[in-house]
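Colleague: Going by the numbering used here, the first residue of the sequence shown is number 1, and it counts up by one from there.
These are calculated hints, taken from the structure and not from any lab test. The hints are all genuine.
Ranges between beta-carbon positions, derived for each pair:
| id | residue 1 | residue 2 | range |
| --- | --- | --- | --- |
| 1 | Leu21 | Glu56 | 48 to 56 angstroms |
| 2 | Val205 | Leu19 | 44 to 52 angstroms |
| 3 | Ala133 | Ala103 | 31 to 39 angstroms |
| 4 | Gly135 | Glu163 | 40 to 48 angstroms |
| 5 | Ser25 | Ala64 | 52 to 60 angstroms |
| 6 | Leu146 | Asn123 | 15 to 23 angstroms |
| 7 | Leu146 | Thr68 | 17 to 25 angstroms |
| 8 | Ile212 | Ser101 | 25 to 33 angstroms |
C-beta atoms are modelled at their ideal positions from N, C-alpha and C, and glycine is treated no differently.
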Amino acid sequence: MNTFTSPAQRGMSLIFALLALVAMSVGAVALIRSVDTGAMVLGNLGFKQEATASAERATEAAIAFLQTVPDRTKNSGNDNGGASGYYASSTDNLDPTGQGSEATRLLVDWAADGCSYTETEGNCSLGARNAAADGGVRSDYVIFRLCRQAGSVTEGNPCITPEDASAGASSKRGKLDYGDYARFKGSPDAYYRIIVRSVGARNTVSYTETIIHF
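Build the full structure now, drawing on both the sequences and the hints.
Modeller: This is the structure we're talking about:
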């Protein structure tokens, strides 16, 4: 027995087949995009981790440089700036990432290119120190002593210091009475703020900030 199929029925079957094909194609494209996006995210995370690891090594280099600064408690002649990347005073209106909008903010010229990393106005006057090459990652750092101004750490120049820091040596060092905090008194020294900018592959940028005290 022959079954007769009208042209209209065949046309409807073709339409459903085409709709199913379109749905499968859209699903395949979505799957490919999902896999591609996942790979991109993993790749960016890898580059970000690489830049952050390089920033850590640059921080260690900054600490080593800071240890060479003669008599850090008398920094009147060591507010060098420029290529040294060291400043003996803090900067309240500092914008290290260039994301702010105030025209009075101070910018760090990280790559010595006139602060091209930001498109907004600012005072591009702070130089950074380039750390040693670390593979394909470039790291630069700046150091700020957390004092109001350059000069000795005195009452006339407020600095952020540990609570137990005081001038002079303690005669009680070595004493076994751990409840006597006078044993820990030493020469006053301020805290230091180290900011590192690392640029890796695909222009991945990482900023790290470390506060240290000697």
